[in-house]
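Just so you know, the sequences run in chain order A and B.
Quick note on numbering that gives the first Met the number 0: the first sequence kicks off at 0 and runs consecutively.
Quick note on numbering that gives the first Met the number 0: the second sequence kicks off at 0 and runs consecutively.
Incorrect hints may have been included.
Only some residues are given here: those of chain A computed to face chain B with a beta carbon under 8 angstroms [what the hints assert, rightly or not]: (1) 25; (2) 36; (3) 40; (4) 44; (5) 64; (6) 82; (7) 114; (8) 116; (9) 118; (10) 132; (11) 135.
I should point out that these hints are in silico values taken from the structure, not numbers from a laboratory.
We treat Cβ as the ideally placed atom computed from N, Cα and C, and that holds for glycine.
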Amino acid sequence: MIDVAAALGWGLLATALLTLVMSASQGLGWSRISLPYMLGTIFSPRRDRALAIGSGLHAVIGLAVAVGYALVFEGWGEAGVVRGAVLGLFHGAFVLVVGMELLPAWHPRMASRHRGPTPTRQLEPPGFLALNYGWATPLVTLLAHVLYGAVLGACYPVGA
Amino acid sequence: MRNASSECAPASGTESFPAIGDYALIGDCGSAALVSKAGSVDWLCLPRFDSPSLFAAILDRERGGCFRVAPVAPFRSRRRYVGETAVLETEFRTDSGVLRLRDCMVAAPERVEVGALWPEHQLLRELQCIEGRVEVEVLCDPRFDYGRRRIRPQVRGELGIFLPDRGDVAVVGSEIPLAVSDGPIRGRSVLHAGDRRFLSLAFDQGEPAVIPPLGDHAARNLEATLDYWRGWSGHCDYEGPHREQVVRSAITLKLMTYAASGAVVAAPTTSLPERIGGVRNWDYRYCWLRDACFTLRALFELGYTEEGTAFFSWLLHTTHHSHARLRVLYDVFGGSAPREHELGGLSGYRGSLPVRVGNAARDQLQLDLYGELIASAFEYVRRGGALGRWSARLLTAVGDRVCELWDRPDRGIWEIRSADRRHTHSVAMCWLALDRLLEMDRVGHLRLSNRRRTRFQQEARRIREAVEAHGWSQRRKCFVDVFDGDQVDSSLLLLALYGFVSPGDPRMRATYERIHEELSRDGLLMRYAHGRDDGLPPGEGTFGVCSFWAAEYLARAGRVDEAESRFEKLCGYGNDLGLFAEEVDPRDGSARGNFPQAFTHVGLIGAALAISEARGARPEAGLAGREERRHAGRMPGAHEADDLHTGPGS
């Protein structure tokens, strides 16, 4: 039986840290990846509105995934920093390799390398490992997800 | 005949630089680009006016970078803006045909914007062959950070050519096939009559890029930009003489307005020299408080209430941040402008070094700014605006500061780099600050305590006595530039325009005559006499804004024919598009200094308004005269300029 409240509570902290790392990398010019912006533009083309919607959605996804992490930890019977970090590494790699590759197929405003931009699809696609957004993007994304997993692993009370 | 090979790289030498007046301005109220008569974008800073440049061929033909589109064959070019818009149209005539190039930075009306993603900035270029057959060459050579970083372009198929630089990304799109090598991005294509091609450079910062499609989408964006500017200039309610020049000046001011905050930069360029080969090369991509009042009046008088209100909010917001200790210049968000430093690696316009970024005037004491701020507030309330509690408190604190500072020497309106002096104009502007505060108190726009009212009255009286005693030369029978001095300068014209003395006052008439005799060169005015110690080697030209002040003075003094004649002559010193630099070289009438300059255009509008009013075509709206200080009805859409924490730029 998972402790949903704990998963959500620590999930909030982990999501905040992940967002902090990703935003810092944007601010420092290391990467142009912006998960809130990419998510938000699914719903609105307006930059400010997209960022607001995307930030909310990103937080909700962060909480939902935290519940998933809790399920895995319960299945393993224990959590811990290392287990959490490994799970985060897998999570980040999945986002980069699979998620980013599939994104142009289902994002209604994202262009693709083969079709080019259209009046409705103008957003730059991430490309393999999201390298289109800067060479540091995979590193930053992995680091942020490892941190996310490590926080959950360290703080989630398995079997409580 | 111009030869295309003389543009940008690889040509070098001072002769390859177009004249400063050969440039046109396009922009999107966030940044602006200069386009030469030969179709080359030689200056563009992104994402805002004071950002490092992407194209800076105007400051270095080899290392600056440019985006050139022009016929391969020798051509003659002529250009115009499309109606009352900021869309530039250049027509190239070659022996084989005629090519039309339309350039703009996309600025679409809000109703269009909401439906689609938009890049932060987009430079859009439309090529159309009008007659015959023209072979076109494209050369795009972006160099980030003032030419210091050349980014290897990434070709991403149908998406375009990407130039990522740290957190920024520029995306070049083209309907003319482009090739990428180690050097610039290049392309050539033959166009026949009726053929149309688009080129685009989009820019985003910190986020995935938005890649605007070309073709019909680009055509719609160009049309939307034309609609935006037509709509904007259609709001201009000036119908007096010289309307064309006034509207062009208003559009130019709008192009130098940072829409997100309402701030107006002095010019979109840095280090265009006041003298070729000289050292008077300054960075003007910041917002000076100077001339705030004239700018505000120009915007309101032309019917641009929204821009005027935004500009006034920016003024208050900025002042609030500096706690009533005014700085000379600020960035577009009201923060400190950067410290002045010299950029290495650029040759400078025709070898004029140094190339500077930042401006050392930021740390000077210039007392006239206090008068400018208070006079702007007065202008704002006079036109129906209302001051809230915080604004009133702030302005009152500025008055206190004036009482503390007015008898100190300062660097004055000309920002001299030698010693501080007691400048007559600066001290008179301190009087103006207190006088306008007392007037606003009298009519109820703000409330002064009895103690403060008395203090302001006493200090205003002392200041006036000081100016009349020390700013007037009994020997020369005129006002003089510094206390107990014996020279005139053009700033003394402002004594009449701001109402320190009436334009018809014999003292002012005498002062005007001295200025005209000593500083006038073929209808143009210098700021001050050659040889005056301003801390720099000699070599400046005549000042555009001073020349327009003279025309305004003449109109307000009732010498309307003289004013009109002077105004028309001055307009002849603008370039073929009606744009003015900071200075004019009196020897050949060429533009000098940063280009275009907002204050010169503000001066043009002020002079035109004064002439129009003197001719009875408009009601009186000058800045001087107590009889004018009556309450206007509250203007439609006017805001209380009080909520400093939610105002633009907060």
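Each hint, compared with the structure:
1. For residue 25/A, the shortest C-beta to C-beta distance to chain B is roughly 5 angstroms, which falls under 8 angstroms, so the interface hint holds.
2. The criterion of a C-beta within 8 angstroms of any C-beta in chain B is met by residue 36/A, whose closest approach is roughly 5 angstroms, and the hint holds.
3. The criterion of a C-beta within 8 angstroms of any C-beta in chain B is met by residue 40/A, whose closest approach is roughly 7 angstroms, and the hint holds.
4. Look at residue 44/A: its Cβ gets to within about 5 angstroms of chain B, closer than 8 angstroms, so that hint holds up.
5. For residue 64/A, the shortest C-beta to C-beta distance to chain B is roughly 22 angstroms, which exceeds 8 angstroms, and the interface hint is violated.
6. Against a cut-off of 8 angstroms between C-beta atoms, the interface hint on residue 82/A is violated, since the closest Cβ of chain B lies about 33 angstroms away.
7. Restraint check, residue 114/A versus chain B: the minimum CB separation of about 7 angstroms is within 8 angstroms; hint holds.
8. Taken as an interface hint, residue 116/A checks out: its beta carbon lies about 4 angstroms from the nearest beta carbon of chain B, inside 8 angstroms.
9. Given hint, residue 118/A at the interface with chain B, holds; its Cβ is 5 angstroms from that chain's nearest Cβ, closer than 8 angstroms.
10. Satisfaction of the interface hint for residue 132/A is found here, the shortest Cβ-Cβ separation to chain B being roughly 6 angstroms, below the 8 angstroms cut-off.
11. A least Cβ separation of about 10 angstroms between residue 135/A and chain B goes past the 8 angstroms threshold, and the interface hint is therefore violated.
Going down the numbered hints, you'll see the structure goes against 5, 6 and 11, while the others check out.
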